[in-house]
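Peer 1: Work out the full structure, taking the sequences as your base and the hints as a guide.
Residue numbers (the working numbering), protein chains in the order written: chain W, 1 to 353; chain G, 1 to 385; chain Y, 1 to 127.
By construction, these hints were calculated from the structure, which means they are not laboratory data.
Part of the chain Y face toward chain W, derived, beta carbon under 10 Å:
1. Arg15
2. Glu17
3. Ser68
4. Gln87
5. Ala89
6. Asp90
7. Glu105
8. Phe106
9. Arg107
10. Thr110
11. Asp114
12. Val125
Label-pair distances were calculated between CB atoms; the ranges are:
13. Y:Val127 / G:Arg312: 38 to 46 Å
14. G:Gly72 / Y:Asp114: 48 to 56 Å
15. G:Ala99 / Y:Pro3: 40 to 48 Å
Since we're looking at a predicted model, the values are computed, not measured. For every residue, glycine included, the Cβ atom is placed at its ideal position computed from N, Cα and C.
Spelled out from the first residue to the last, the chains are:
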Amino acid sequence: MAKIGIIGYGSCIPRNRIKVEEIAKVWGADAESFKRGLLLEEKSVPSPDQDTITMAVEASRRAVLRAGIDPAKIGALYVGSESHPYAVKPSGTVLAEALGATPECHTADLEFACKAGTEAMYICSQLVKAGSVPYALAVGADTSQGAPGDALEYSAAAGAAAFVFGSEEDKIVAELVDTYAFMTDTPDFWRREHMHYPRHGGRFTGEPAFFKHVCGAARGMMAKTKTQPSDFRYVVFHQPNGKFPLRAGQMLGFKKEQILTGWLVNRLGNTYSGASPLGLTAVLDEAQAGDRILVVSFGSGAGSDGFVFQATGRLASVQKLAAGTREQLDNKKRYLDYGTYARYRGKIRMAEK
Amino acid sequence: MRDVSIVGVGIGHWGELWNDSLRDLAVAASLKAIADAGVDRVDSAVIGCMSSGIFTGQEHLASVLGDYLGRGPLPVTRVESACASGALAFKAGYAEVAAGISDVVLVCGAEKMNDLDGSESTYALGTAADQEYEGYNGATFPGLYAMMALRHMHEFGTTRRQLSLVAVKNHANGLQNPNAQFQMAITPEDVEKSAKVADPLRLLDCSPVTDGAAALILVPTELAKKLAPGGAPVAVRGIGHATDTIALHSRASLTRLRAVEVSAERAYQSAGVKPADIHLAEVHDCFTIAELMAMEALGFAAPGQSGPMVERGETAIGGRIPINPSGGLKSKGHPVGATGVAQILEIVEQLRGQAGGRQVKGAKLGLAQNMGGTGGSSIVTILGA
Amino acid sequence: MQPQKYWREIPARYRLEGGRCKKCRKAFLPSRLVCDACGSREFEKARFTGTGTVHSFTMIHTPPSGYSGPYVLAIVELDGGPKLTMQIADCGADEAKIGDKVRVEFRKLTQVGDAGVLCYGYKAVLV
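Peer 2: Dropping the structure here:
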């Protein structure tokens, strides 16, 4: 069986941040409880001119640059998001046009709460594996909205990650060893048609939803690949808050240092469809040839996708070709006050137009 | 080609004229010009208007003016070249008389701008820029001129104070013009503390949104001698007209107005005069920086020397070359389609010696420069007593 | 804005696709039928780089309808390409200066009301 894998990856994190204290102040909430309980310090906020499509384009441009391919040869691209700017009309066509991947390209917009990004990765990897397309581009991107004052408002953030999958062995930077999917119908979090903010089941989002599916997928993935936690240099879990992925790691027998490289949530927030994919980009920025990486996403509703990657010798040569994920997370930050944040996120009722 | 003279002028008070519609303004100014000329007939009319369609929803101004002038089936032509629509109307009327097509031609410029709110009128004016590659990206006219100003400061050391002094001078002149929108003196500090519009330009660097109209009557010079108009006939000595790129960014230099330079060369050549011969000028000061750049393009100042020249007072009434004695667009107001006609009207009144408190003494040769957009079109007219 | 008017300009706005005069090599965005420098009518498709230099700029405090300010507007000279008018995103009034290096990013410019087409294109960011 021919090898397939990631040949290029990229990320996009907006420059704006808001601190947990700034949000808590407005609602008279206790910032310390969010910081200690959920391990959240601050989160990214998109500028008014950034949305899922614009971040998908920026992340994808970096991925294509690292892949070093002609974008016209991308045969399929999928954008996974729960915040597609159009309810009807694909994000993927804009992305394809911006990259120069039209017209011989298949696209679809995907949605599965926070795992739409890994859905795209799953489909792309299988299309390349089947030999249907030479290259396939998978994007997870979100500009998530938490209702004002809701616990989600402290974490709902913005970011995008993109991966080009290919099968030419000399191009692969992270070989895809195997995949695994695990899902049930579990209504822990949802947003109905025409509704602006999502609803969630409170503590029901924990054990029966996040932990059951993440641990189920991780165990299934390791069983399928005959691996155990110690076989991995890195593990990336979906990260709706700081606590959940650390606890899942503990439950599965991973050490904290295996998790921390791809654990961005304390200062990035939950980028939903971008969350575990962005964690993977941060790992790829650091990983060395031979390192094995386990990725387990989670999407409410609910399900988890598992991936095992193994870094190749080419990875080191592409890491510095574009802005790294931690580089974007740590540098050029602009802190917003709540008023500006509310304006940027369209939370202020404006005159009708 | 016949020599052409201006024998009648018509203008009213400009400003926020809530009671007047576009047709009221155009017709009133036209009737005044006809009366001033003392003519008993009009053979043809030209109306310059930039954007009545966006500002008021009314196009087909030929029919509107022809209808409301009440002179039967008058042939009327509407022309447009953004903020240079007025001077373009004048050029069209001039050509019609010079070519012998008509003997008595009415030239009217009009714009009704206050039927839109601020951001809508900013949009309407923005249509004079490259809609797809300037406007789409959020460019506004103050913004485009601001980028010219910043470049002028960067390349020549032009100062914020020099820009302010243009506005101060034009407001001082406007105080002497009963038709001006603003009848108020301002200080450089007033300019520099006024609201920010597009850095480094502030509100008092910008010409206002204005409702207004102006009209002229043109006849062959031969015929002018037989009329007994409201003042001595004023001869059209030369007209120059040129265009430049629609987008500011397409130009090699942001600090040169090529269309103004070329239209000026053509006007000087057809009049057989040079910049030093000109006694006074009305220039298109839609923004303070525009007056400085126009001075340089017209040959009144060397490149980069316009700011110091204003500082020395050489462009004030009584200075070496008074510029914008009417108050300019800055103080008199800028109903975009009317401006070019009103500039020529001011030169006529100055050459007739009827400019009252703003009279430039001994004025025999005057120049009017009217431009569209960021200088994408320019018309320079030279008139002689 | 009607979608057809927006759609027509997609290659130029999404990926800086313009033209280059085959004879004198002058770069244009959008492409033209006649070169204004040498008069040639032969052009080749050119995709300009996404990097450039700030030639001039301003902070727009009074935006036109459909745009919300303040924002920085600039004329950027693209490396090996034409000068273009574009906003500098995520930029404060005192952050930009003439000569600054920029990179072009894909951003939203405006939208047609609450239900109309979303309008994307290029903006610069300071590097």
